[in-house]
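Read off the chains here:
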Amino acid sequence: MNAPASNPPPVLEIQGLTRHFGGLAAVSDLDLMIRPGECFGLIGPNGAGKTTVFNLISGVLPLTRGQVLFQGENVTGSPPYALARKGLARTFQIMALFQSFTVLENVLLGTYGIVRVNPLAALFNTPHSRKIEKEQKEHALELLRFLGIERLRDEVARNLPLGHQRILEMAVALAGSPKMLLLDEPFSGLSGEETREMMGRIGKIREGKTTIMLVEHNIRVVMDLCDRIAVLNFGRKIAEGSFEEVSRNPEVIKAYLGTKRYAA
Amino acid sequence: MKRNEFLILLAVLVILPYLIQDPYWLHVYIITCLNICLAVSLRVVWNVGLLSCGHAAFMGLGAYTSSLLALKVGISPWLGMPLGALLSAVVALGLGYPALRLTGIYFVILSFAFNEVFFLITTRLREFAGGPSGLVSIPRPDGLPPGKLAYAYFVSAVFLITVVVLLRFERSRVGRIWLAIRDTDLRSRCVGLQTTHYKLFAFAVSCFFAGLIGGVYAHYITFISPSDFTIWQSVYIQLYMIVGGVGSFLGPIVGSAFLTVLTEFIRAAGPLQSVVYGIMMAAVMLFLPGGLIALGGHLSGLLKKKTGVVKNS
Amino acid sequence: MDTFPAMQVFTNGVVLSCYYILVALGLNLIMGIMHIVNFAQGTVYMLSAMALYILCVELGIHYLLSGAISIVLTALLGVVMERFLFRRLLGQFLPSLVMSLGLLLAIEGAVWLRFGIISKAIPGIFPGTFGVFGASISYERLVVIIGGLILIGGLFLFIRHTKAGRAIRAVEQDREAAILHGIEISAICRLVFIVSFGLSAAAAFLVSPMLVIDPNIGHIPLLKGLVIIVLGGMGSVTGTLAGGFIIGFIESVAGSVFDTTIASIFSFIILMVILLIRPSGLLPYRM
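Protein chains in written order, with the numbering used here: chain A, 1 to 264; chain B, 265 to 577; chain C, 578 to 864.
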């Protein structure tokens, strides 16, 4: 492993992230630091608050306490669109695709928020807006090729089978060339073959220096893909480190007790 | 593709009034064009995932503005009508801002309440706006030749502008973003789109045309009153929008034309009209969401099966 | 007018509040589990009043019995509407709204056809007035106040302290979690419609002797109901109560100082202001 002389600043830093809801603490006092280029895994039993953490980071849910710093900038409380424009993208576990649109259009829509065109210019179809449209379309096709789904370009999103929908989820998130990608259970529901393909795709994404934070249930995937892992239980971080370190942690073992999938 | 459609539309709009000639049916033609514009402009907001229950009030805003400017200040309707449209758009922005930041329900409620308040205020303003009896002797746009045929052509022109502009919006990048927001507001925000701004923009555009049509209507019919712009008129506009089919731009056009003509025949039945239209509204949502256009599709599909004839699509 | 009839205004305020709250609660309950506005809620109130008229005036049945029958019939209507109309469009926001608007149109038109537009009246069964603090209050109003408060209190207890009430709240907050806990969603929906329509029918029962009866009487409770649930916070019963009393009293005061039109405009301005500064309503926490 490289040990750079000067530590590069973290891409994402979370300090004391807390979310109360009703009388419950969905997330309590979470501290995390994600380094550039790494793949960081967030795991934990069901209901541990993993998706809530994503919702808090991406501005979808308001946080009760804490700070979020993205690339050194305090973005606590920023609305989702602002974070997307700064380079933080996410996928959704319960998929949020643009159902009425084709695969290509979905990816294009992913770019519309990042490279923007004046609505009146779009209305009058100015040469400038047409140029941008063309560039974005090429970029979208490029991305589809990169992910190996170019042949699906004209399929309508709501007709896609689950595996392809999950790939499209990632494509839409990647469309804006984000610096960091939050992946919310991208492997959920995938077959063995599809899982291996997805792992290959994530590997390719990592080659492009995109930092990834991954919420996943599939421990094998987390083991292979992630450099570091944090374990959540009842909204609290109970362990952090490499997979080996974490899997030996007695509290982690206790949290997962009874779960067959956990096999070190 | 668009050029052919435009030429056909233009041809129809030029030839049809001339063919009609009869004053009564010219009146029906004018009202049909206006209703279509109202339905099509309402659909702009539907495409962003919202239901405006106050469209008639924005029409009324344009109507009253243009009429009052002409009657009290002597401003020509040619200026008054666009001003009325502009005012409607501005009020839409002011009204939309608090509500569109929130979920769709708030917008529905607010537009509903706004329509009611518009009615109350116009009923109250006796000296200024004529109160319950409204405004009369609203002047015709100056320079327009007398007679229904001339006005029919004027309305044709307004219709053309409305349809061309709104179709352009729908097919542009903005239109696609609107539909994306309807599909999933959450995801749209997470890919960097300020959905509130887009919704506000859609609402303003929609109300601009409602206001414009209001002005055109006022100067045609020459008398308006608060009861022309009640919540029930708004509901009727919604009906016109959905009966033809909300899924395409053509739907409200077909639906409005069909219903406007139908109204001419069943108007005498009074409240029975409400019953029939109300049932239509509910029935379309329950059983035929694609509207009359979808019905056409079903029927031709049925025909294909029964006769084995392959129709060109 | 020599003295400001404070007692009169206060009483009116309570009466209006009870009347509005009963219908608003119905709107709120349906909104909570289906996330839609039932535009036909006011129409249900009107139908109930019409049923009362038919039973009491046309058929000569005693008012109390008529009330009981009308409430039962209205609740049954709720079951039918939920099962055959609203359930079909569950989860579809825009179509549900449009459908309820269609229902409003169709039902009002049908009533108009049958009864004409001329207002009717139901004779009250508690004639006479009594004096309180220099104002004379009719027994009719007292009945509304007492009956209204009992019903509102009853609903509050029902939602908070019964198993069924808790189930309703569970479905409102998290439908999927509720299913996992074994709650049968269709039964809850049915229950909500029964209660919601029943409350509107109760409002009609209490208030009809005081007001005219015509096809349009559903409009006002609908509009006021909408303002109230935004004011009080959607999904919050306590909020509806608070919002209802606020609107009822403001309208009573504005109505006596100015007139009812201005009072309505006041309510609307309140709605706008709330949306601007505190959209979650006065009481954001659930029930």
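Hints are computed from structural coordinates only; laboratory data are not their basis. Values in this document were obtained by computation on a predicted structure and should not be read as measured data. The beta-carbon is built from N, C-alpha and C at its ideal position, and this holds for glycine as well. Mixed in with the good hints there might be a few duds.
[Said to hold, decoys possible] Pair by pair, the computed Cβ-Cβ distance ranges are:
{"#": "1", "chain 1": "A", "residue 1": "Arg35", "chain 2": "C", "residue 2": "Val850", "range": "41 to 51 angstroms"}
{"#": "2", "chain 1": "C", "residue 1": "Arg665", "chain 2": "B", "residue 2": "Phe522", "range": "20 to 30 angstroms"}
{"#": "3", "chain 1": "B", "residue 1": "Val428", "chain 2": "C", "residue 2": "Glu635", "range": "50 to 60 angstroms"}
{"#": "4", "chain 1": "B", "residue 1": "Leu357", "chain 2": "A", "residue 2": "Glu245", "range": "50 to 60 angstroms"}
{"#": "5", "chain 1": "C", "residue 1": "Leu650", "chain 2": "B", "residue 2": "Ala533", "range": "25 to 35 angstroms"}
[Stated by the list, open to error] Straight-line distance between alpha carbons at most 20 angstroms, and here's what the computed EDC-like set of lysine to aspartate or glutamate pairs gives:
{"#": "6", "chain 1": "A", "residue 1": "Lys179", "chain 2": "A", "residue 2": "Glu194"}
{"#": "7", "chain 1": "A", "residue 1": "Lys134", "chain 2": "B", "residue 2": "Glu434"}
{"#": "8", "chain 1": "A", "residue 1": "Lys137", "chain 2": "B", "residue 2": "Glu391"}
{"#": "9", "chain 1": "B", "residue 1": "Lys266", "chain 2": "A", "residue 2": "Glu133"}
Structure-based check of all given hints:
| no. | hint | verdict |
| --- | --- | --- |
| 1 | Arg35/A / Val850/C: 41 to 51 angstroms | holds, 48 angstroms |
| 2 | Arg665/C / Phe522/B: 20 to 30 angstroms | holds, 25 angstroms |
| 3 | Val428/B / Glu635/C: 50 to 60 angstroms | holds, 57 angstroms |
| 4 | Leu357/B / Glu245/A: 50 to 60 angstroms | holds, 56 angstroms |
| 5 | Leu650/C / Ala533/B: 25 to 35 angstroms | holds, 28 angstroms |
| 6 | Lys179/A / Glu194/A | violated, 25 angstroms |
| 7 | Lys134/A / Glu434/B | holds, 19 angstroms |
| 8 | Lys137/A / Glu391/B | violated, 59 angstroms |
| 9 | Lys266/B / Glu133/A | holds, 19 angstroms |
When held up to the earlier numbered hints, the structure conflicts with 6 and 8 and fits the remainder.
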